[in-house]
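Trainee: Chain by chain, the residues run as shown.
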Amino acid sequence: MNAMPVEVAAGTSIVRIRDLVKDYRRGAETVRVLDGLSLDIQQGDFVALMGPSGSGKSTLLNLIGGLDRPTSGTLEVDGLRVDELSEGSLGRWRADHVGFIFQMYNLLPVLTAERNVELPLLLTNLDREQRMRRVAAALKLVGLEHRARHRPRELSGGQEQRVGIARAIVTDPTLLLCDEPTGDLDRKSGDEILNLLEALNAEYGKTIIMVTHDPHAAERAHRVIHLDKGMLSEGSG
Amino acid sequence: MIGKYLPLLASSLRRKRLRTFFTIASILVAFLLYGLAASLQFALKSGVDVAGADRLLAMHKVSFTQLLPASYESRIKAVDGVVAVSPQTWFGAWFRDERNQFPTFPSDPEAYLRIYPEIKLAEEQKQAWFADRAGALVGRAIADLYGWKVGDQVPLRSAIWRRLDGSDTWDVTVRAIYDLPEGGDTRQIVLHQDYFEEAKQQAKGLIGWYVIKIDDVNRAQAISRQIDLMFANSPAETKTSSERAMAQSFVNQVGNIGAILSAIVAAVFFTMLLVTANTMAQSVRERTNELAVLKTLGFSNGGVLGMVLAESVLVTALGGLLGMFCAWWIGVQFGPTLDQYLPGFRVPPEAFTKSVLYMLALGVVAGAVPAWQAMRLRIVEALRRD
Ligand SMILES: Nc1ncnc2c1ncn2[C@@H]1O[C@H](COP(=O)(O)OP(=O)(O)O)[C@@H](O)[C@H]1O
Ligand SMILES: [Mg+2]
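For the record, the sequence lines run as chains A and B. Using this note's numbering, read the first sequence as starting at 1 and increasing by one per residue. Using this note's numbering, read the second sequence as starting at 1 and increasing by one per residue.
Worth double-checking, as some hints may not be accurate.
Computed far set for chain A versus chain B, every beta-carbon distance over 10 Å [claimed, not checked]:
#  : residue
1  : ARG18
2  : VAL21
3  : SER53
4  : ASP68
5  : PRO109
6  : PRO120
7  : LEU141
8  : ALA148
9  : LEU155
10 : ARG187
11 : GLU192
12 : ASP214
Quick list of simulated restraints, FRET-style, between CB atoms [as the list claims (entries may be wrong)]:
#  : chain 1 : residue 1 : chain 2 : residue 2 : range
13 : A       : GLY54     : B       : ARG378    : 13 to 21 Å
14 : A       : SER233    : B       : LEU6      : 44 to 52 Å
15 : B       : ARG378    : A       : ASP19     : 22 to 30 Å
16 : A       : GLY54     : B       : SER11     : 47 to 55 Å
17 : A       : ASP191    : B       : ARG378    : 33 to 41 Å
18 : B       : ASN301    : A       : SER233    : 53 to 61 Å
19 : B       : PHE270    : A       : GLU145    : 47 to 55 Å
20 : B       : SER11     : A       : ASN195    : 41 to 49 Å
21 : B       : PHE270    : A       : SER53     : 23 to 31 Å
22 : B       : PHE22     : A       : ARG16     : 49 to 57 Å
Under the rule of at most 16 Å between Cα atoms (straight-line distance), these lysine to aspartate or glutamate pairs were calculated in the EDC-like manner [to be verified]:
#  : chain 1 : residue 1 : chain 2 : residue 2
23 : B       : LYS45     : B       : GLU350
24 : B       : LYS213    : B       : ASP54
25 : B       : LYS120    : B       : GLU110
26 : B       : LYS77     : B       : GLU110
27 : B       : LYS4      : A       : GLU84
28 : B       : LYS4      : A       : ASP127
These are computed hints drawn from the structure, not numbers from a lab. Positions of the beta carbon are idealized from the N, C-alpha and C atoms, including for glycine.
Use the sequences and the hints to build the structure in full.
Mentor: Here's what the structure looks like:
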């Protein structure tokens, strides 16, 4: 992992969103989920995205991570117009720049922890030894080096989520996108995950955008953004 | 490059072990069936391929079990276009076990070898056989079966023919052992007609049928007709046809068996296609979320398509190779026993080649729709479905 001091990066926008609109078609009618919102997120920031259920938090996160395409507006990540990328280049871009952390962990149940973490590296040119070295480093960073050969169902929820985090950071992306990462965990495991995210932000300079509706989790962020009825409003973090 | 995805492929097969096992097992059975059917067809056909088109068989018009006068030999030899003639008689030979009779024919040795030039034997053995009236020309398969060597005297028993002294034991000396080109059936013994005629008790002056070699394949029909005309209105009329035509009519009958076999195999393959397609469809449906995660991590649409296809082909190839192996093993194991009734029962090489193509085709076709669905899968929708 590249240690990147937060101060140097401060002031640089890593995410730049202008007039972003996202419509979903449900049968014959069109539903506008995001209604022309604009947003800047600084390099090295830790942002909590809050809002009621169905307000479009996941939608916004997925757009930033290039999992979906906006209906209109522009979306720039690290100086690149993500909304203009073709589907193929979008996949490669995600693999290089974004780490996703999901509420339900989304690990492959048949693969061991280390094979799960290795998945994103299969798309690189690294040989097996290099891959395993990186996997070991990522698992050590999340404190699970002794669980490398365990399958997801042999792990606790908190441990599964830490494997999920190891998988998200193994390619050393600058941007970590977390969709309710503690939503399915008890308070104690949730706190451990938040500690880990804090450390990744503070010590490794990862820019983190975390969707949550837990105010306790949002407290850890430097900045809190509220999303409601397709509009953004700033809150104190 | 591909190797690193293998654990991922293998793990998807381990996902539902029982289902994978049953799918592979049913594909195994399908290919085993295919291998056995191909072996059977190969065995049935090999009889025809070796039969020469330039050989005619003249036998009794009423039934081939009725005997013909030995005197016909010289008259047939005189027909224009006939190169060689040899009488033959079914001897009903057995050794040790009466149920295991093997083809044994008293013949004219020199004419016989001229008629069957594909028979390979050492020159000095040939001369020794010609010279010994009680000598036998023995096929390699028989010699190996009973451990006979050149020079051995063997008491052949006949289920049909008795000697003048009333005994059914015919002491003959193995004078020559012959081979045939690859795939030929060498379970056969040839004796001297002169010796047989002299020593047998009954049916003096009669023989079973004549084998005739002609100089022009295209005149087979004309010569056959000429021979039959020669003996028309005599007490023993003949029916002459080419050896291949005989074999062909036999094969036409078993050809129907072959067609039925092919139909069964086709039906089985079609069923396997449905079974495999169903397995793959289920497997992909259950993994919607996983496939979406792989795409999230940057796996391309084509990559995911390839992965599902590879998985499908892996299943059909595993089952198929195991099935073909079983069919091959059965041929090796039981082929020698079956040789008596069904010489050449084994999986022909081209069936192996074809089977590999079938495995690929089955895998690709069965995996096509699920693979296409996996490719089209939209990440955000798939992840929301949780
Ligand atoms: N793929 C989709 N198709 C149709 N409607 C969708 C889709 N994704 C999200 N929506 C709708 O958009 C709205 C916002 O969804 P989402 O971003 O998941 O909200 P949140 O994460 O804030 O709970 C919801 O009303 C949801 O039903
Ligand atoms: Mg959500």
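Trainee: If a hint holds in the structure, say so; if it does not, say that too.
Mentor: Hint check results:
1. ARG18: With a cut-off of 10 Å, A/ARG18 remains clear of chain B, as the shortest Cβ separation is near 22 Å.
2. VAL21: Non-interface label on A/VAL21 holds, nearest chain B Cβ at 16 Å vs cutoff 10 Å.
3. SER53: Non-interface label on A/SER53 holds, nearest chain B Cβ at 13 Å vs cutoff 10 Å.
4. ASP68: violated, 5 Å
5. PRO109: violated, 8 Å
6. PRO120: Incorrect as stated: the minimum Cβ-Cβ distance to chain B is 5 Å, not above 10 Å.
7. LEU141: holds, 18 Å
8. ALA148: holds, 14 Å
9. LEU155: holds, 17 Å
10. ARG187: holds, 23 Å
11. GLU192: holds, 23 Å
12. ASP214: holds, 19 Å
13. A/GLY54 with B/ARG378: 13 to 21 Å: Once the Cβ atoms are compared, 19 Å apart, the range 13 to 21 Å for B/ARG378 and A/GLY54 holds.
14. A/SER233 with B/LEU6: 44 to 52 Å: For B/LEU6 against A/SER233, whose Cβ atoms are near 50 Å apart, the range 44 to 52 Å holds.
15. B/ARG378 with A/ASP19: 22 to 30 Å: holds, 24 Å
16. A/GLY54 with B/SER11: 47 to 55 Å: violated, 35 Å
17. A/ASP191 with B/ARG378: 33 to 41 Å: At 35 Å between Cβs, range holds.
18. B/ASN301 with A/SER233: 53 to 61 Å: About 37 Å separates the Cβ atoms of B/ASN301 and A/SER233, which means 53 to 61 Å is violated.
19. B/PHE270 with A/GLU145: 47 to 55 Å: The hinted range 47 to 55 Å holds for B/PHE270 and A/GLU145, with Cβ atoms some 51 Å apart.
20. B/SER11 with A/ASN195: 41 to 49 Å: The hinted range 41 to 49 Å is violated for B/SER11 and A/ASN195, with Cβ atoms some 32 Å apart.
21. B/PHE270 with A/SER53: 23 to 31 Å: Hint violated: Cβ distance 49 Å, outside 23 to 31 Å.
22. B/PHE22 with A/ARG16: 49 to 57 Å: Taking Cβ atoms as reference, B/PHE22 and A/ARG16 lie about 54 Å apart, which means the hint holds.
23. B/LYS45 with B/GLU350: holds, 14 Å
24. B/LYS213 with B/ASP54: Holds: B/LYS213 and B/ASP54 sit about 6 Å apart, inside 16 Å.
25. B/LYS120 with B/GLU110: holds, 14 Å
26. B/LYS77 with B/GLU110: Measuring from Cα to Cα gives roughly 14 Å; hence the hint holds.
27. B/LYS4 with A/GLU84: Status violated; Cα separation ~32 Å.
28. B/LYS4 with A/ASP127: Judged against 16 Å, a Cα distance of about 9 Å means the pair holds.
Of the numbered hints listed earlier, those contradicted by the structure are 4, 5, 6, 16, 18, 20, 21, 27.
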